[in-house]
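Visitor: Guided by the hints, dock chain F onto chain H, whose structure is given.
Listed below, chain by chain, are the residues.
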Amino acid sequence: MSPLPSQASAQPSSEPILTGSKLAQGIGRAIGGALIFALPLFMTMEMWELGFYIDRWRLLALLALNVPLLVFLSHYSGFERTFSPVEDFRDASIAYGVGLFTSSAVLVLMGLVTADTQLSEFIGTVALLSVPASVGALLGRSQLGAKQVGETEDMEIYGNELMVMAAGAQFLGLNVAPTEEIVLLAYKMTPWHGLALVALSLVVMHGFVFAAAFKGGSEVQPDTAWWSVFARFTLVGYAIALLVSVFVLWVFGRLDGLSVHEIVAVTIVLGFPSAIGAAAARLIL
Amino acid sequence: MAQTGRKPTARELAKKAQSDAPVVVEWIIAGVSALVVIMVVGFLIHDAVTRDGGLPALVTEIGATHPVEGGGYMVEVDVRNLGHATAAAVQVEGTITLPDGTTETSQASLDYAPAQSRRQVTLVFRADPGAGALAVRPIGFTEP
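Chains H and F supply the protein sequences, listed in that same order.
Reading the first sequence from the start, the letters are residues 1 to 285 in my numbering.
Reading the second sequence from the start, the letters are residues 1 to 144 in my numbering.
This is chain H alone, in the form it adopts within the complex (with noise of 0.2 Å):
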C-alpha cells in the first residue's frame, strides 16, 4: 500500500481498500460526512416521532431506493476511482452501515432511545435516519478527502447529471420534508403564492444551471443558446425536484388523505428546496 493517499486512490483498486489508520482515517471521514449532512435531522423532533409511525413498506421503499443512489454515488463520487459495481456495493454498503451506526449513536447519545425503548420504534427511527446519514458518510469519504480522477469526464453523460440533480433534490428535500413547517406553508398559500414559488425555483435553478455550465467539464457548451439550456436541464432538473418532493412527501405520509389542490401546494413548497439542491448538486458534485 503507498504511504502516499493521492496515489492511493489513483491506482485501479481490487486490494483491500484500506488498512490500519488509513481505513480509521476513512471511517472517521465517513462519520464526519454522516454527522454534517444528517445532524439537522438526527434533531428535528419530526424524525423521531416518524420513526414510530411511518408505514414500514413506505420506509422500505425509501432505503430500497437509497441503496441505488448510494451505489450511483459511489461509481460516480466516491473516494477511490471504483472500476466495478462490486466495488461500488461495496462502497455503498460501508456507508449504510457507518449511517446505522452514527444514527444509533447519537440517538443513544441524545437520550431519544432509552432501555425502555421498543425494539420496533428504534429499529424505525435508526432506519429512517440511516437513509441521510449514509449519503452523507458517502459523501464524507469523498469530499472530505482526495480529490477525485477522472470526475469531470463522467460529468458530461446527460444520464449521470439527472441522476446526480436527484441526488440534490432527494438530499435537501429529505431535510425539510418531515417538518411540519412544510405543510403549514402549503396551507397558508395562495395558489398566486404557488405560481410566484414556481417561478422563483426556475430562476434560481437556472442561474445555477449557467454557472455549473460555465465551471467547466459539464455538457453544455459556452454558446447553447439559453433556451436548450432551459429546456434540458433546468426544466428537468424542477420536474425531477418535483417528483422527488412528491416522493418524499408520501412516504413521510403528508399526501394522505389531501386533495389534489393541496397535493400540489405542498409538493411546490417541497419542491423549491429540492429544486436548488438538485440545482447546486451539479455544482458541488
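It is worth saying that the hints were derived from the structure and are not from the lab.
Virtual Cβ for every residue (Gly too), placed ideally from N, Cα, C.
Please note that a few of the clues may not be correct.
[Stated by the list, open to error] Taking lysine to aspartate or glutamate pairs in the EDC-like style, the calculated list, with each CA pair at most 16 Å apart, reads:
| no. | chain 1 | residue 1 | chain 2 | residue 2 |
| --- | --- | --- | --- | --- |
| 1 | H | K188 | F | D111 |
| 2 | H | K188 | F | E143 |
| 3 | H | K188 | F | D47 |
[Said to hold, decoys possible] Some chain H residues near chain F, calculated using beta-carbon distances under 8 Å:
| no. | residue |
| --- | --- |
| 4 | W57 |
| 5 | R58 |
| 6 | K188 |
| 7 | W192 |
| 8 | V198 |
| 9 | L235 |
| 10 | H261 |
| 11 | V264 |
[Claimed, not checked] Non-contacting residues of chain F with respect to chain H, defined by C-beta distances greater than 12 Å in every case (computed):
| no. | residue |
| --- | --- |
| 12 | I45 |
| 13 | I62 |
| 14 | T65 |
| 15 | P67 |
| 16 | G71 |
| 17 | G72 |
| 18 | Y73 |
| 19 | T97 |
| 20 | P99 |
| 21 | G101 |
| 22 | E104 |
| 23 | A108 |
| 24 | S109 |
| 25 | G132 |
| 26 | A133 |
Guide: Below, chain F alone, put in the same frame as chain H:
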C-alpha cells in the same frame, strides 16, 4: 472541452460528438418535463381563478365503533373540510345521550384540517355509543 493540452482520446472525442448536438432523448425528456411543469402551472392558475378563498366548512361523519380492552368504546370520526381554507386546532366533540337521560361527552382535536381534505379522529367513551344517541360535531378551530 478537453481541458488538458494533450491529444483528445477516443473517449473524449465521443463525448464531444455527443455533447455538440443534444441527443433526441434529451429533448424528449425536456419535453416531458416541460409538460409536467406546464400542467402544474396551469393547475395553479385554474385554482387561483376559481377558488373562492372563503372559510373552512367542517363536516363530521361517524364511522366504525370498536370496543376497548379493559372497558370502553372507540368511535372513529371522519372530519371533512369542504371549504377552500384550512382550519387549525380543530376541536371535535361527541355526546352520547343514554335512554335514562345521562350524557357522556368526549373531545378530540386535530392539528390541521386542510382544505378539501379528510382527516380522522377517534373519540373514546365509557358508555356504549350503540346503547344511546351519539351526536358528533366540530366545536371550534383557528386559522393556521
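Visitor: Against this structure, judge whether each hint is valid.
Guide: Right, here's what the structure says about each hint:
1. H:K188 / F:D111: holds, 14 Å
2. H:K188 / F:E143: The given pair, whose Cα atoms are some 9 Å apart, holds under the 16 Å limit.
3. H:K188 / F:D47: Holds, at about 14 Å.
4. W57: Because about 20 Å separates H:W57 from the closest Cβ in chain F, which is outside the 8 Å limit, the hint is violated.
5. R58: violated, 18 Å
6. K188: holds, 6 Å
7. W192: The hint holds - H:W192 has a Cβ within 8 Å of chain F, the shortest such distance being about 5 Å.
8. V198: holds, 6 Å
9. L235: holds, 5 Å
10. H261: Constraint on H:H261 satisfied, holds at 6 Å.
11. V264: holds, 6 Å
12. I45: F:I45 not clear of chain H: closest Cβ-Cβ about 7 Å, inside 12 Å.
13. I62: holds, 17 Å
14. T65: holds, 21 Å
15. P67: holds, 23 Å
16. G71: holds, 25 Å
17. G72: With a cut-off of 12 Å, F:G72 remains clear of chain H, as the shortest Cβ separation is near 22 Å.
18. Y73: holds, 23 Å
19. T97: holds, 30 Å
20. P99: holds, 36 Å
21. G101: Nearest chain H Cβ is 37 Å from F:G101, so the label holds.
22. E104: holds, 28 Å
23. A108: About 16 Å separates F:A108 from the closest Cβ of chain H, which puts it past 12 Å; holds.
24. S109: holds, 15 Å
25. G132: With a cut-off of 12 Å, F:G132 remains clear of chain H, as the shortest Cβ separation is near 30 Å.
26. A133: holds, 28 Å
Going down the numbered hints, you'll see the structure goes against 4, 5, 12, while the others check out.
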